[in-house]
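In case you want the letters, here they are:
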Amino acid sequence: MPTLPGVHLKDEIAKISNRLMELGRGRQPDKASWEKVELARHPKRPYTLDYIEHMFPGFIELKGDRLFADDPAIVGGLAAYQGRTIMVIGHQKGRDLPSRTYRNFGMPKPEGYRKAQRLMRLADKFHIPVLTLVDTPGAFPGVAAEERGQGSAIATSLMCMAKLQVPTVAVIIGEGGSGGALALALADRVMMLENSIYSVITPEACAAILWRDSSEAQQAATSLKLTSADLEELEVVDEVLPEPRGGAHKDYAGAARILKEALEDSLRELETVSPLQRKKERFEKYRRMGVWREEGLTLF
Amino acid sequence: MANKVSVDISHRGPNGSIKGGESCPSCKELLTSEELESNLRVCHHCGHHLRVSARQRVAQLADEGTWNELAPHLRSADPLEFFDVRLYGDRIDEAESETGLNEAIVTGTARIHKMDVVLAVMEFGFMGGSMGSVVGEKFWRAAEAAIENRYPLLVFSASGGARMQEGILSLLQMAKTTCAVELLGEARIPFVSVLTHPTTGGVLASFATLADVIVAEPGSLLCFSGPRVIEQTIKEKLPEDFGRAESNMAHGQVDIIIPRNELKDRLVQILGMLEGGVACALEPLWEEKARPAGRGGAFAEALDRVKAIANAPWRAFKGRDREDQ
Ligand SMILES: [Zn+2]
Ligand SMILES: [Zn+2]
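Going down the list, the protein sequences come from chains G and S. Note that the working numbering gives residue 175 to position 175 of the first sequence, counting from 1, and the numbers run on in steps of one. Note that the working numbering gives residue 1128 to position 128 of the second sequence, counting from 1, and the numbers run on in steps of one.
No wet-lab data here; the hints were simulated from the structure. The structure presented is a predicted model; accordingly, all values stated were derived computationally and were not measured. Think of the CB as a built atom: it goes at the ideal place given N, C-alpha and C, for glycine as much as any other residue.
Among chain S residues calculated to face chain G with C-beta under 7 Å, some are: (1) 1075; (2) 1179; (3) 1206; (4) 1251.
Footprint (simulated), chain G over chain S, 3 or more residues, beta carbon under 8 Å: (5) 1135-1147; (6) 1216-1225; (7) 1230-1244.
Chain G on its own, in the form it takes in the complex (with noise of 0.2 Å):
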């Protein structure tokens, strides 16, 4: 799908015609889309370290970035795990008014992202897997953020998960928020919990911009197609898990043993390679990532 070489006019045409109809009356907003934004960002749904307590018999969560601070907007550690040892990385909110601020409301900042990449050259050392769990509405944007490289901080977790030797594989469980998402979800596999979802701005950003007015955050939410079904339809995530009946905040343990068996699945796949030939299609996806045209051009 990715590629469209040449422009192929009639398609060209119909599309056209297509957009002047829904411009023409509107195009209604996707009340689907908008279902899954609340239940992506639902109060009771769970978090890393929830699926950290019903995955791992053993947890020894390891802090500190040992340059400025701990950041509690991202947890991580050493998981037991089959009789060996995971690295689970992940963004954490809080659950009620305290836990939540002292969490930033799952908003890392700069030592929240070079404490995550400390963690995982760690386990690069000891061919320990890489798990990431991402629920984050996005990295936190302040003055004191922004003087320590937020944006550094981001760029240099990327380029850590893109030379890991070992395989990693990222689950996005909650709210995959922009770039300070993507900074733990460069991965080997990249799976969407059902009612997750992905996006490069929230809807009620993009419609500020837009539309000029926050209020019509559903139709951005509709238009944006940051949904786990308009991403695997986008060839972004590599599966999308199932959740329990209701959504995973309803059954926290189910949730947990569907994350479990696809962690599994993913690492006997991935496991079967070299690091090297890991690496080489890693960088195969990526580069294959976008959608363009180029004029002059027939590929077939």
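Fit chain S with the ligands to the supplied structure of chain G, relying on the hints for placement.
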């Protein structure tokens, strides 16, 4: 000063530009196009660096007649059929006619002071320099060209962030360009990034800050989150110098700030020095194709010649060593 600014309003074009000139956004002095052109679009009253278009940038840097554009036919598709108050395609068409470019980045090979480079320049005038699929793909191909030709990569960024109309695909360009930078690193190709006003969001948080040397233009705004987003979050007015190149420098986020009139000379110097490394006698000599003639500077070449003679026994020994493994 006041009478200098009073110009006939009817000569004003869009965004305060005046026929045959512009007023400086910083000191408001009127600058004629000749004055601007001759001073690389730097205000000679206050030193403010006015925005330079991608084409102007290439013209300022490349030796005459050496620019060779790469992937000139890549254009945006509308993969999401993005529904918005305006069609994405219309926005693209408008940006094209305003800038004369077909995307927010131009890439090509060029010679700068006789040094071969791959040059990529982002155009802020094209949808705010936003990064979508085409920017990512052109960056990847530029990196590939740098590796293939073994030319250093020089990138000028100017970007408001991701191309919203391409949704998640635009976000993924951060991952894609990061992988491209890693390929450059594996091939030991020098990569110098010049951050110009403004470089923000996903571009700042991917390739622009992953370079071997990060250069900034004076006064440029360089931040991940925009000032308005931060003001809304902390509900306070930000200081005037927030996120500026100088503030980034003070906080250790950039290597060097170079004024525009020194940029060309200094960039060539930096790229030349990055290529001037010489392997120590115990390391295998670089393969023939790893460093073509003319790269690495005269000193490095002379040293290589000396080494080749002086260390011949070592190389023979190393050869045996490797076979044993
Ligand atoms: Zn001025
Ligand atoms: Zn003057």
